[in-house]
Amino acid sequence: MSTNNQNDLHGILAEFKNPKQLLDVAKMMSKSGYTKFDTYSPFPIHGIDKAMKLKKSKLGWIVLTCGFLGFAGAVSMMYYMLVIDYPINISGKPFFNAPAWVPVTFELTVLLSAFGAVFGMFALNGLPKLHNPLFNVTRFKKATDDGFFACIEANDSMFETSKVKKLFEDAGASHIEEVYE
Amino acid sequence: MSKYEYVPEPALVKGNHDFASLTRLVTDVNLRPTPKGWYVAMIGANALLLVLLVAIGYLFWEGTGIWGLNNPVGWGWAIINFVWWVGIGHAGTLISAILFLFRQDWRTAINRFAEAMTIFAVMCAMIFPGIHVGRIWVIYWVFPIPNQMDIWPNFNSPLLWDVFAVSTYFTVSFLFWYVGLVPDLATIRDRATDKIRKVVYGIFSLGWTGSNRHWWNYEKSYMILAGLATPLVLSVHTIVSFDFAVSVIPGWHTTIFPPYFVAGAIFSGFAMVLTLMIVARKIYGMKDIMTDDHMEKMNIIILVTGSMVGFAYMMEFFVAWYSGVEYEKAIFLLRATGPYAWAYWTMMICNVLSPQFFWSKRLRRHVGFTFFISIVVNIGMWFERFVITVTSLATDYLPSSWDYYSPTIWDVLTYVGTFGLFFTMFLLFLRFLPMVAVAEIKAVLPQADPHNYDENYDYQEPVEEVPESQARLY
Amino acid sequence: MKDLEPTDHQMSEVKENTYWKSLSELAQNKEYQKFTEREFPENATELTDGVSRRGFLRVMGASIALAGLAACRRPVQKILPYSNQPEDVVAGNPLFYATAMPFQGNLIGLVAENHEGRPTKLEGNTLHPASHGRTNIFNQAAILELYDPDRSRSPLKNGTQVSIEDFAEFAASHFSNTNQRVAFISEANSSPTYQNLKNQVLNKFNNASWVTYEPFGEDNAIEGNRIAFGRRLRTLYNFDNADVIVSLNDDFMGSHHPNGIDYARQVALRRKLNDTNDTMNRIYAVEDSFTPTGSFADHRLRLKASELEGFTYALASALSGRISGLSTFSGYSNEFSDHQWISTLADELIANAGRSALTVGFEHNPKLHAVVSAINVALGNVGSTVSYLEVPHIDNQDTHQALQNVVSQMKAGTIDTVVMVGTNPVFTAAADLDFENALSNVDTVVNLSSYVDETSKKAHWHVNKAHFLEAWGDGYSFAGARSVIQPQIQPLHKGLSEIEFLSTILTGNLGNGYELVQQTFNGYYSSGFEKRWRKILHDGIDTTDNFNAVSVSLASSFNSAMNAAKENLPNTSGIEVVLRPDPTLYDGRYANLGWLQELPDPMTKITWDNVAVMSPTTAESLGVSNEDVVEINSNGKSIKIAAWLQPGHVDNSITLTVGYGREGIGRVANSYIDYTAGGVDTYPLRATSSTLFTDAQVSKTGEQYEIACVQDHHSLEGRDMYRQTTLEKYKENPEFATFKSVHGYGVPGMEEGHKLFGEAPISLFDEQEFPDKISYPEYEPQWGMAIDLNSCFGCGVCVIACQAENNIPVIGKKEVKRGREMHWIRNDRYFVGDDVNEPQAVHQPIPCMHCELAPCEQVCPVAATTHSDDGINQMTYNRCIGTRYCANNCPYKVRRFNFFNYPKEYLTTGDDPDIIQMAMNPEVTVRFRGVMEKCTYCVQRINRAKIETKIKTGSPKPEDKTVQTACQQACPTEAITFGDLTDKDSVVMQAKSNNRNYQMLEELNTRPRTSYLAKVTNPNPALA
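Residue numbers (our numbering), protein chains in the order written: chain P, 4 to 184; chain W, 1151 to 1624; chain B, 3 to 1026.
By construction, these hints were calculated from the structure, which means they are not laboratory data.
You may find that some hints are simply not true.
Said to hold, decoys possible - Ranges of calculated distance between the beta carbons of each label pair, as one might list FRET restraints:
#: 1; chain 1: W; residue 1: 1298; chain 2: P; residue 2: 68; range: 29 to 39 Å
#: 2; chain 1: B; residue 1: 352; chain 2: W; residue 2: 1491; range: 55 to 65 Å
#: 3; chain 1: P; residue 1: 71; chain 2: W; residue 2: 1298; range: 32 to 42 Å
#: 4; chain 1: P; residue 1: 58; chain 2: W; residue 2: 1596; range: 28 to 38 Å
To be verified - Quick partial rundown of chain W residues pointing at chain B, CB under 8 Å, derived from the structure:
#: 5; residue: 1157
#: 6; residue: 1160
#: 7; residue: 1304
#: 8; residue: 1496
#: 9; residue: 1547
#: 10; residue: 1551
#: 11; residue: 1553
#: 12; residue: 1574
Unchecked claim - In silico contact screen, one side only, chain W against chain P (beta carbon under 10 Å); selected entries:
#: 13; residue: 1206
#: 14; residue: 1340
#: 15; residue: 1356
#: 16; residue: 1365
#: 17; residue: 1403
Even for Gly, the Cβ is constructed at its ideal location relative to N, Cα and C.
I would like the entire structure built from these sequences, with the hints used as guidance.
Right, here's the structure in full:
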């Protein structure tokens, strides 16, 4: 990040001492109207979602949809195979043998729901994202160890370098740094 | 003063660890050069794995006849081992899912570890349905894929339910495990100094940053997965038990099977986790994380599930007598007194008697004893499956077809071989992946809770909050 | 397999040549030599997984291997198809030809199923009085003997292969000297042609002697009649008229009785019960060891074989006071005189005078037969239940005596040439005759036999005998029905039939069987011969009753003979050993037939071995239990054999069967401990003085020997699979067999079901039930079976018939020992009763039940076993992946699994790979390793019938009785009925409407299509 061209400024990153500080700075950032900001910590911090004014996750709906697909898929598959396409007299059981189909239906419902939960989460988080400007900051490696960071992105409508730095200083950041693409 | 006294929850992590020290404690294992001992162990495991491959190869070449099976007894060690391994494979998901839903924070110390064990156990289990059939090369016919015969699988068959249940269980457990791994892989990525590790861990951590926007979805996802895995884990052994319960064979045709199989599964699963944990925490010096308190808690679960299993055995007898069905009555008497009595009483002693020692707190916290019992329990659970599978078939309705079943060397080798696969996988896991969920365990440190800081952002030991009712006693 | 290709190629290219050349070419073939050294390809490794591939293959090879390239070897002469089959072969359509099988010289009329010129199955000839369309185990196994690769393939001169023409040359030169002292030893033979030739031979040679030797023949009976009536007559029973039958140690229903099929049928038909008004005959059996007949009897008394004489005399004396003709016994008494049975039997016999029959086993000595004949005469049974026949072909001499004379002459060196026809005295003759040694004093020994057996090895000239399905012949049934034996195929190894052999010796030129037989019949029908001949060939029978029954009266010598007999009764101190023909191998002549070796003994259920059968009490006193080897010393000879406990066996007696423990006969017969016929040669214990029983010292050796028994558990455990009652109780409660009468409560769920669904029991499902559901269309027949337990005496012919029809492999002792027997229908034998020494033995044939709600079907993950529209529980072999779940879930345990590649082993390996495959029934799939198989109700027969009916009448439902399953067709007592359940008048529906009809394990609601008719016994209240 030697060539500091304003245009490829990604944002300003500040490190804080502990979860409490991060929580408070999150409050300040959201209060002062920033939207394109984020906080980074080695583990999820209790109550930070409110502080950051995060909206309820849409994941639930994704899972529900997938689960339904699993359920409907299972039932229709078995119905097609055993009743429509190739009905056979097996132990004199009725072709549409509902009780016997419960286990498979259940399993497929769970399976697709799980897919929804995992891949939906990754999708919502925009992962995998192997390149991230923050990785240019050596110090940022602590974010997965014992570091607590906040970052306001340059493309935030209210972004002004000085103001942002001021905000972090007031919040008691132990270190502030500009992050470039 | 009342005889009651408030016992505060013991700290989850012993020693005064901070975030960084925990990170180091766990991930250094993966970063430091491979120790000699690991290679030694790996060679042993691979030798066993080779035995498995040879046994399967010969089976493939000669046919099912190399096993001890005969006319009444169509299922032997293969199915026993399958059920046994699947049972063991229940602990992991149970710990990570159910204990999560119950907010049992102590799970964080062992869940990663247990989940890994689960996945490898299920891998071992899945071998058997695959190879125990007469024509291994067409096993894929159990999947609903279009074929030249234009015929579909029979969804009325418990075996087919098994196919779906076990493969779903494996997939979901694996995803669950991986999701949990992502932040920790990121940790290793960031601590890694050599290129290869940087790249490999980099790829598998998917560019995780620890963003709290991500954590927000992540926790949601984790919660939902837990919610899904809970009924799943209960369903798997339920469906495995259907293999027996749905049949008409006395001793198999029993409605009690689902709950009693699940209890047995948890029973054996926890025993296996303990067996491995006690060894691993010693070798890798994880005593601060996997504490004796954890061991005690798990022993309590073993005591509970063990007693449930014992209760189930009693109920089987009672129901057989109460039903008045002569064949039911006969089979249960034959189990206890017939040609397989030796197996039956081994089962009773290992599963019903041995856990009862854990009523004593001293024994619960005694490492050596726990280790011993954890192995005894798994022996017992193997015999439970033996008793169920073999005795019922060997002496069913028509006395004329009764016959004694005894295994051949190939039955034994195949079983022993699966341990080769299990330990090979497990050693790889210990070497290359964090055996404790670092991010999760950090989250349960008091330092992780913003409330434990004063207005100058200085950490304050949380004061033990004594509940009102209790407080009056002081 | 790879190794075979050169061989195959070699053989295929020599196909045009005659078989001989091909064999010699094969012999040069390197591959072939490798085979002969190591009768299986390398890649069939011998690992210690239990089943020894080597042994395994030996069995396989011979169990089904055909010898000879018989692909298109239809007989040259014109033979006529049975019934109205098209005479020219339509590919795939079998032709049926009448023929007949000689057994101890008596013909049993058969029909051979002939596929493209090769016989594949034998059934009884309905027109023939000796079979009535039924068969015994030996008839069924004969087809396997035809294709046995171990049959002798060429004449041998001092052990080296020569051609049949060489033999003719030798015969021409050697037998030109008509003054030589020549002895003929022949097995029994009823052929009139043979008799003609015999007479010509005896005329031609001035110093010729002739002995007819059968180790277990009827000679004692005939000799007995000579004592009684002064004439050598055959005793023929007619059990149709017998209300009371007393069997004195006579297994007259058993397969090895020359008239067993007919007798079994007669007895059983008198026990068919359609309703409570029907009557039954009553059978008493006095025997030492359990026999099928004994297990079929209403009353059974355990008695040592040696005591039977005393017992019979006591009975005679008890009768003597009340009927005339037994005066010689009046006043006589012995230890049995006040035995309860004596008085009871006396009363019964008197009460049923003229409607009763006493029989005694062939093995017992002539005196016993004499007194029995005398009693039958005194009771006035002659003409109603017994008749005495003049049989022309029976020599007028005591053949045991005759044999002894010949042997002593041989020893004395006063015999130049011995000619042995079909018989094997070196193996079977009494040990003290030392026949083998005697032969060595004879310059020229000629022998005709199917195998290179013990005798052939001692002979200078061995000639390979043609199988009866390969050569023309003729003969009489036991009762005197005359038939012609039609060959079904050209001799596979250029063998000679007995008549061709004799005429070769007589003329010096190879005889032509066809001409010889025609000559004989020309003699009978000088006019209209052609027409007659065609009819005989077509029907398989000429005239019946050719032996005239003579009126008999006691000979003067009878009394003196009896007085002598009464004085010195035989008695055995301590343990006696009894030698009997084996139920499945007879005298050993069938030892190389895998089907018979693997057919469980009817009473012990043991395969592949003979054992020392004894009572539990005796075993206790000897301190042995099953599989303990005991040493038996008798007459200076000693053998070691495994002990076996048989409830109901008489104490202080051990029963041994002969025919096992042979060497160098064939790959099946030879004793190889590791895999097949173990067995021990017990003939050494046989002495001229005591052919049946003898004193013996028995001691435990401490060794153990594995026995492959197919049934480990012999008690019903108080379960209700087998239901029976007595005739009285049946009349009181005709519904005794229903679930309710047996258990005192109805089938669980029935009442509730009736309330809810009408007929069906309560159920979670809306089941596809016959008749009113889509799965069972109107136009389809619905197959079902009923098995009448009142008719089954456990002979086991159903098992072999099924094996022959359905290409069921023989798996060898080791695999049977591991409990993997493959028989689709098995015959369960249970011991019933509280006293282990006096049990009742019952038999229950168990095929697939073809449940409508089959537990096996729903558990198959790949839908490989499903239900057909005509209600058959069918296996789709090529869909089966072999989870074995269906077998586990079958409550009747009738499913069989191919644990190894049983069929492929013998279909692609062995000495004659491409021929082996021709033994298969082309209408039945050969199953591959790893698939499940089971009874199909002979679906191939069903479908053939369906197609034929469709073509003929256009109806999809074959007429009643047009479909017969293999087991049903073979059963001599008509215990099995099969047919269409939608036809209310079908035999099977009639059977099922019988009030004795019950379903096995009805409470499981599997709705079996196979049901059972409960057994009813007819005990004598006096003995109750």
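Cross-check of the supplied hints:
The given range of 29 to 39 Å is respected by residue 1298 of chain W and residue 68 of chain P, whose C-beta atoms sit roughly 36 Å from each other. Roughly 57 Å separates the CB atoms of residue 352 of chain B and residue 1491 of chain W, a value that falls within the hinted 55 to 65 Å. For residue 71 of chain P paired with residue 1298 of chain W, a C-beta distance near 34 Å keeps the hint of 32 to 42 Å intact. Our hint of 28 to 38 Å for residue 58 of chain P and residue 1596 of chain W holds, since their Cβ atoms are close to 30 Å apart.
Interface hint status for residue 1157 of chain W: violated, as the beta-carbon distance to the closest one in chain B is roughly 51 Å, over 8 Å. With a least beta-carbon distance of about 49 Å to chain B, the hint placing residue 1160 of chain W at the interface is violated under the 8 Å criterion. The interface hint given for residue 1304 of chain W is met, as the beta carbon of that residue sits about 4 Å from the closest beta carbon of chain B, less than 8 Å. Given hint, residue 1496 of chain W at the interface with chain B, is violated; its Cβ is 23 Å from that chain's nearest Cβ, farther than 8 Å.
Hint status for residue 1547 of chain W: holds, given a least beta-carbon distance of 5 Å to chain B, under 8 Å. With 8 Å as the threshold, the beta carbon of residue 1551 of chain W comes within range of chain B, its nearest partner Cβ sitting at about 4 Å, so the hint holds. For residue 1553 of chain W, the interface hint holds, the least distance from its beta-carbon to any beta-carbon of chain B being 4 Å, beneath 8 Å. Hint on residue 1574 of chain W is violated. Least Cβ distance to chain B is approximately 27 Å, over the 8 Å limit.
Because the beta carbon of residue 1206 of chain W sits about 27 Å from the nearest beta carbon in chain P, more than 10 Å, this interface hint is broken. The interface hint given for residue 1340 of chain W holds, since its Cβ lies 4 Å from the closest Cβ of chain P, which is under the 10 Å cut-off. Interface restraint check for residue 1356 of chain W: the shortest CB-CB distance to chain P comes to about 4 Å, inside 10 Å, so the restraint holds. A least Cβ separation of about 4 Å between residue 1365 of chain W and chain P falls short of the 10 Å threshold, and the interface hint therefore holds.
For the restraint placing residue 1403 of chain W at the interface with chain P, the shortest Cβ-Cβ distance is roughly 15 Å, beyond the 10 Å limit, so the hint is violated.
Hint check: violations occur at hints 5, 6, 8, 12, 13, 17; the rest are consistent with the structure.
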